[in-house]
Amino acid sequence: MDFRFTEDQLTLTESVRDYLAGTHGPEVLRRLDAATEQGNAPRDPAIWQGLVDMGLTALLVPEEHGGLGLGLVDAALIAAECGRACLAEPLVDTAFVGVPWLLAQGKSDQLAAIAAGEVKLPLPHAINPWTADGEGAAVQSVDPLRVLTQGSGPDDPHLLNLGALMSTAQLVGLADAMLAQATEYAKIRTQFGQPIGAFQAIKHQLASCAVAIEFAKPVVWRAAAAMQDGIASAPIHVSHAKVAATDAAMQTAETAIQVHGAMGYTYEVDLHFWMKRSWALAGAWGSRAFHLKRVDEAVLSGTLEIGPQSTFA
Amino acid sequence: MKLGFSAADELFRQECADWLNAEMAGEFRDIKGITKLTASPERRKEWEQRLGEAKWGCIGWPEQWGGRNATLAQQVIFAEEYARAGVPGRVNHIGIELAGPTILAFGSEEQKRRFLPDIAAGKTIFCQGFSEPGAGSDLASVRTKGRLENGAWIVNGQKIWTSLAHISDWIFVVTRTEEGSKGPKGLTFLMMEIDQPGIEIRGIKQINGDAEFNETFFTDARCPADSMIGAVGDGWKIAMGLLAFERGVSTLGQQMAFRNELDELIAAAKANSAASNPLIRQRIAKAEIGLRLMRYGALRMLSNTDHSKIDGAALTYKIQWATWRRNLGELAMDVLGQAGEVTEGSEYEWDTLPNLFLYSRADTIYGGTNQIQRNLIAERGLGLPREPRGDV
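Chains X and W are the protein sequences, given in the same order.
So in the working numbering, the last one in the first sequence is 313, and the numbering has no gaps at all.
So in the working numbering, the last one in the second sequence is 1392, and the numbering has no gaps at all.
Bear in mind the hints are in silico, worked out from the structure with no lab data behind them.
Heads up, the beta-carbon is just placed ideally off N, CA and C, and yes, glycines get one too.
What you were told as hints is all true, and nothing was included just to trick you.
Each computed BS3-like pair below joins lysine-lysine, with the alpha-carbon atoms no more than 27 Å apart:
#1 K107(X) / K120(X)
#2 K293(X) / K1270(W)
#3 K1270(W) / K1286(W)
#4 K293(X) / K1286(W)
#5 K276(X) / K1286(W)
#6 K1112(W) / K1145(W)
#7 K1182(W) / K1237(W)
#8 K1185(W) / K1112(W)
#9 K1182(W) / K1145(W)
Away from chain W, derived, C-beta distances all over 10 Å, residues of chain X:
#10 E7
#11 L103
#12 A126
#13 W130
#14 Q191
#15 Q258
Take these sequences, add in the hints, and give me the full structure.
Next comes the structure, spelled out in structure tokens:
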């Protein structure tokens, strides 16, 4: 038993983090957002091409179809980085949810094109009344950087679990980024003659966010490993992760706004991009209530083995 | 990332289960199922020795000192089987989890030879003398004095909240050995035998009626100079090193006890139909998720073999489990309703779930209150400016 990531996984994650930090900062989010004010989609082909060039669209595509053939744990680590950068391009949906779903269906005809970045997959599902980057008339989302279209799809449980899993990974990355922004602000904003971060009223709130994020992450990685290994309890692991990651991200979003004071309520402070993405992902692929219900049924109706008769590693 | 257990691990599991079940069905059947910390102390000391004889007392320790050099997976398995077999908690967990590793890290070779085999054998029960009436959250302000006289330390002062001191053989004590020193400077770490005229133990009755904690008074108590760990003035460094061991594998055994508590709560909710109430169901689901958070958090923390730096997981662990357990106690009371407020018999003694509600109030206080934990997380983990610390 070993809960650590491999050197390769850590190196890949770090390189994606560095790449996004260097090319996809808050100024990019503001620029994309400004495009929507002129009636354009908040998209920039150069961003997508950069992700393709990094090999990320090919991450889960098997080698025989021109991909890297990596697994869902690798993808979850990268999805967390996408969350950290508040990336709006449909990379996670297409390459980390759509590809493994196609593979599970035995459908391989689109894989090479996806790996090459030529196809983006919208993923309609019965649980989501709106689909990101789908066909049809766009509706305004609370998340200004994502384009939604109305209309849902089939009720496919595997797709739901994949979508929920990758949402959780993005949520912990988003939460990390919001905590970092609020912490930095608490160090430089001065009131009563000292940085506000010196006050317990501030630092205890930030510490509570750090605890929530720290503990949500291993559950997300556990869920990714469970989905990758295809174990029977994988859906419950996904639900554990969805609730924990949603709670961590929403708590951090609320705290980060509070720590920023009145500035936190302005459009000018970039924080709202992360907060709104968190909100959007919290509601997608099964709400908190949906996933709590899956857990309570598993625990109370006996479908999940609990108790000392079972191991719970 | 490799989860799950190998075939060899499963064989090891069988070996653990067979041995533990045989003991709990045989010579030690009278202690099976005990959850109260202070119950049957003499029999549980005998149990410590039985564990030691069979080399199950501290399986994670090096073989040289009575352990098995067990892998993480084996320690997980042993903790699971231990709880599954209904074996009561360890009365020497301070010795195994704190004193032993501290001696291993900071003690001399002679001290290792003198202390470790007896701790491993379950023959030396340890307790911890850190807190004082005037040094709680502000631990560095300890005032218990030690002075060196004719080759021995003479200790005067008082410790408090000394868990299980009344059944322990030894106590490790942080003493102020430099006259006029303040804060973390001038402290020294001593190992002291309890059975001597200069040490007096008085129990402190707690809100659950039990008396696990004690006041420990030192009046010219003696400690041979060769029972000092590290050097004069190293006390703070060693005390902090010791606290870092608390993230150890004890967390795994602790989590199995939590698992049992949650299962008992679920059984109670099913029995009195509280489980059909959607609000209760949601809270049970939250508790289950919280347990998973701790589980995978601990596995990640323990998989990290580089213990040289305090990582985020280690820093955040205490507040997470303490808060979870306090919430579980509150949920237990909501599940039980008024039935949780009455106890059979004339003694002020409580079943597992009402006792959990009462006892878990201590969890968010001892070992650093939730508020102190948040200070540490914010300052060490997030790098926020430090709290004012008086004149230290």
